[in-house]
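Please build the complete structure, drawing on both the sequences and the hints.
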Amino acid sequence: MLELKGIRKSFGQIEVLHGVDFTVNAGEVHALLGENGAGKSTLMKILCGLIKPSEGEVRIDGKVRNFNDYNEAIEAGVGVVFQEFSLVPYLNAVENMFLARELSNGLGFMKRSVMRKRAAEIMRQLGVSIRLDVPIRVLSVAEQQFVEIAKALALDARILVLDEPTATLTPAEVEHLFHVMRGLRAQGVAIIFISHHLEEIFEICDRITILRDGEYVASCAVSEVDQARLVEMMVGRRIESSFPAKPLISAEAATVLDVEEVQLAKGGPVSSFTLRAGEILGFAGLVGSGRTETALAMLGAYPATRCKLRMNGIEIRFADPAEALAAGIGLLPESRKEQGLITSFPILQNVSLNNYGKYLLGHFFINRARELEDTRKAMQQVRVKAPSPHARVDTLSGGNQQKVVIARWINHSMKVLIFDEPTRGIDVGAKAEIYQLMRDFTAQGYSIIMISSELPEVIGMSDRVCVFRSGGIVATVEGDAITSEQIMTHATTGRTQHVA
Amino acid sequence: MSHDADAITGGKAEPTAAPFWKSLIHSPLALPLAGLIVVSILMGFASDNFFSVSNILNVLRQVSIVAILAVGMTFVILTGGIDLSVGALMALAGTMAAGFMVNLGLPGWAALLAGVGIAIGLGLFNGLLVAFGRMPAIIVTLATMGIARGAGLIYSGGYPISGLPSWISWFGVGRIGIIPVPVIAMVIIYALAWILLERTAFGRHVYAIGGNETAAKLSGIKTGRIKIAVYVISGLTAGLAAIILTGRLMSGQPNAGVGFELDAIAAVVLGGTAIAGGRGLILGTLIGAILLGILNNGLNLMGINPYLQDIIRGFIILLAIYIAREWR
Chain P
0 MLELKGIRKS
10 FGQIEVLHGV
20 DFTVNAGEVH
30 ALLGENGAGK
40 STLMKILCGL
50 IKPSEGEVRI
60 DGKVRNFNDY
70 NEAIEAGVGV
80 VFQEFSLVPY
90 LNAVENMFLA
100 RELSNGLGFM
110 KRSVMRKRAA
120 EIMRQLGVSI
130 RLDVPIRVLS
140 VAEQQFVEIA
150 KALALDARIL
160 VLDEPTATLT
170 PAEVEHLFHV
180 MRGLRAQGVA
190 IIFISHHLEE
200 IFEICDRITI
210 LRDGEYVASC
220 AVSEVDQARL
230 VEMMVGRRIE
240 SSFPAKPLIS
250 AEAATVLDVE
260 EVQLAKGGPV
270 SSFTLRAGEI
280 LGFAGLVGSG
290 RTETALAMLG
300 AYPATRCKLR
310 MNGIEIRFAD
320 PAEALAAGIG
330 LLPESRKEQG
340 LITSFPILQN
350 VSLNNYGKYL
360 LGHFFINRAR
370 ELEDTRKAMQ
380 QVRVKAPSPH
390 ARVDTLSGGN
400 QQKVVIARWI
410 NHSMKVLIFD
420 EPTRGIDVGA
430 KAEIYQLMRD
440 FTAQGYSIIM
450 ISSELPEVIG
460 MSDRVCVFRS
470 GGIVATVEGD
480 AITSEQIMTH
490 ATTGRTQHVA
Chain U
0 MSHDADAITG
10 GKAEPTAAPF
20 WKSLIHSPLA
30 LPLAGLIVVS
40 ILMGFASDNF
50 FSVSNILNVL
60 RQVSIVAILA
70 VGMTFVILTG
80 GIDLSVGALM
90 ALAGTMAAGF
100 MVNLGLPGWA
110 ALLAGVGIAI
120 GLGLFNGLLV
130 AFGRMPAIIV
140 TLATMGIARG
150 AGLIYSGGYP
160 ISGLPSWISW
170 FGVGRIGIIP
180 VPVIAMVIIY
190 ALAWILLERT
200 AFGRHVYAIG
210 GNETAAKLSG
220 IKTGRIKIAV
230 YVISGLTAGL
240 AAIILTGRLM
250 SGQPNAGVGF
260 ELDAIAAVVL
270 GGTAIAGGRG
280 LILGTLIGAI
290 LLGILNNGLN
300 LMGINPYLQD
310 IIRGFIILLA
320 IYIAREWR
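Protein sequence lines correspond, in order, to chains P and U.
Just so you know, we're using numbering that gives the first Met the number 0 here: the first sequence kicks off at 0 and counts up by one.
Just so you know, we're using numbering that gives the first Met the number 0 here: the second sequence kicks off at 0 and counts up by one.
No lab work stands behind these hints, which were simulated from the structure alone.
Every residue, glycine too, gets a C-beta built ideally from N, C-alpha and C.
Hints may be right or wrong, so weigh each one.
Unchecked claim - Only part of the chain P face toward chain U is listed, based on derived beta-carbon distances under 8 angstroms:
| hint | residue |
| --- | --- |
| 1 | Leu330 |
| 2 | Glu337 |
| 3 | Ser343 |
Below you can see the structure in the form of structure tokens.
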């Protein structure tokens, strides 16, 4: 049904796709696999006309269709759910679904009731009940994800591209998404599915195509491979267990941080927890359960109604992250692009961003030689792969970008680092490196709070886990009790969480 | 962790420094500079007088006020803000300074400093409202523009305040050697601004806020203070421009500087600074200001109808921004 042949693409002098072939049949879920920077997103952008290939052709039903822009692709039945949502936050679900494709009558007035009916129908077909009349921004991330999918379906897409749709979803929501995908497959829609979760590939996909460094590696049926073989094809080498061994943390380890009470909103639950020297404390729970907000409240970056904490026994309150930094608490935010990186800066200045206190000449001027030297050291320490410290950060892969954000904190004498979704959107190889870095930090005596929606990661990395539900901590588990069953039970208390 | 040292380039092998002209071509200054050269050559053809030393110094003297206002504007725009009040602040500072001299009998230096102080104070007012009041800069500074303009008119009754000590004119029309004082002031202010932006942590933080304010805040930068500081700097440069203006006019004129904020913004943008903030160079602003000045000067030398000049300048700005669009 869809065929991409010999696709090459160069940006400037750098070729990022070296002749990729990719074929998808009607009525199948086809996984497109590869590490970050392998060329998956570029290939999908070529498919939908956002960028033009330097060479090669796109065929649909045997006909050559090299699209000039996204609209042409939509006309031809290609619907894409991008990794970064393309929804307008202040419009409601119906308006978003029909954006730029509004149905109008002869006088130019929109047929609002027709569109609403059609939207409701698609939602019913998807099996989700989402409020159609409220602005998108008040919906949960999962609901927005389904609106995004509904938007693609409203175009009668016969080829649907889902670029990491599960990255922000909880297991129950993922399950529901898969249910929807199976339904679409049965209707003959060809689905291209991009995900870094290999378990998901085995659960939902029929066939797989693997890319590595812009090269086509292989295509095969899911039944022909196992997980280890897949990873090997993706990274070109075998990867042992990606989680480093957990060190023994003595019960007498000093308490670094004693959060006596946090209350995010008036009338909400009040939580407390402690963080010991050298441990990784996991924050698990559904998206929206208050994990990130609790961390931000500690740093003075979220207006909690109550927040009382002691650091090494001394009561302390931070007005903003600058004060937290001075006290030795740093944050690696959830979204690298929006909250982590200054994309207009090169690596150098992204790393030294909050380090200038150390590079000053006579209180005022920047000692640029020291800045460069320290940044190099930091880059080596966290193993940033880049041509030079002067390289632009937006040319780096997700994993390397994350390492740049990490490097920002290692020249400080930090005590506590908060990693919010440290491996979201990062490939297998880089994940393992970041896990190892986190353990290197704790070995140096740092304590880490790790917020994560990936259960295997929470289980593999945490020494103890605080489970959040509806704005507060409902349980803290440690040792052998850290299992997916335990965590999910606490996170949902038996009540199965349905989307909306 | 195994160390495959070639893969990690925390970078030993640094590419050797590119030759000067090559790094210039890739610099954001290339385009404004090219524009400056092209326009200069065109003007040179159009008027024999253009390339004379006296005319060049004259152009620089004419642009100095807008160029100095554009320094503060560059700081503000780099953070992603805008300051519409600078023309009105300059007029108010000049009017008040003249009033302090004439009506209160303050010594000239004290009156001028007081004028600068008023401009700084209103800059601080802008900064506080933008940073802590969380109001949009364009609205805050629009309001301040009206307030400052109105205050100057009320204080002066709408009339110029003249009768200043004659030495005040040194700031506007004096020379050191052959160089006009306003040009020297402009050069010094640009040099200080360059140091501040390129060589201090404060400067980096200014760029960081314009590049990504959330990231800057979460990484521990006091974003509020930096934002206040850029509006204070903008007030300061408006005050300094007022000293030159007062020297040139030998009076405090409450209606002076109308529309200068727009010229300053045009200079910043022509100089290659992104209006959304985060990218740009102070030297680009200087080039942008001179470019505007040359246009004015050249169009005057050619004897073109002043109303038509406005239209020509408008189209040239559009053309420049259009060319710059794809450049980066």
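Problem set entry | Hint check, Glu337 of chain P versus chain U [nearest Cβ-Cβ separation less than 8 angstroms] | 6 angstroms, holds
Problem set entry | Interface hint for Ser343 of chain P, Cβ within 8 angstroms of any Cβ on chain U | Nearest chain U Cβ about 4 angstroms off; hint holds.
Problem set entry | Supplied contact hint for Leu330 of chain P, tested at 8 angstroms Cβ to chain U | 6 angstroms, holds
Checked against the numbered hints above, the structure breaks none of them.
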